[in-house]
Amino acid sequence: MTNEKPSPIRPTDAEAIALARRILRMARFGALATLDENGLPQATRVALATEYDAAPLLLISELAAHTRALAANPACALLVGEPGKGDPLAHPRLSLKAEARKVDATRNASVRLRYLARQPKAALYIDFADFAFYRLEPVSALLNGGFGKAYELGREELLVPVPSGFEKAERIARDMLSDEAIQQLIPDRVRHSHDTFRIGGIDPEGVDLVAGDRVERVPFANPVRIATDLPKALAALQTQADRT
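If you're matching positions, the sequence shown starts at 293 in the numbering used here and goes up one per residue.
One should not assume that every hint holds.
Below, a list of computed lysine-lysine pairs in the BS3-like style, where the Cα atoms sit at most 30 Å apart [to be verified]:
no., residue 1, residue 2
1, Lys297, Lys524
2, Lys413, Lys441
3, Lys441, Lys389
4, Lys441, Lys377
5, Lys377, Lys460
6, Lys394, Lys297
7, Lys377, Lys394
8, Lys389, Lys297
9, Lys441, Lys394
10, Lys413, Lys377
11, Lys441, Lys460
FYI, nobody ran anything at the bench for these hints, they're computed from the structure.
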């Protein structure tokens, strides 16, 4: 007979993986933790976007203390998940362990478009010489889905497979979506609002719709595994919305 306490960590299932990815995709901001030159922890708020595979994207100043810390030690943590009404600890959040990598200059143009789609106000400073994009490479994560709902996730459970040619397919699909078509993607539960949504991002698992500070995640019925299937997935979302 032992006195070992049962582990609070639940087995990671498909529902937990979907929730973790959803939290990442919907996050407008997060708390970034780094280690300073003395090895002491420090935290700051950062605005976020995500890559096609769900890895977080940051736009940060090279003059900031946290950026200097990342240059010396790329290990970091990111806490995301906005609380709702009531007890803030009752709402899901994700603590991501990662390594920060500066985005290669050859990718800046495409990353810039994706970041601005999610954070349009960043246009005020995105071209400042001291600002640069960083990708957080996930190592692992702790998901707290609420009281008694703790999970551990690995890198492969956090990142989404991206089919070859998806970036080009996404640009074409975005250009073809009219304002009316975008509004047709809005989930039925929020159609009563007077918000005008725009595309904040399209990825292999769904669409992020943004209206001011509001974010709605609309998942595809099935992940897009072939880039040329993206238009079909978007059309299916519109058909589904028309039937609700």
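Numbered hints the structure breaks, given as an ascending list: 1, 2, 5, 6, 7, 9, 11
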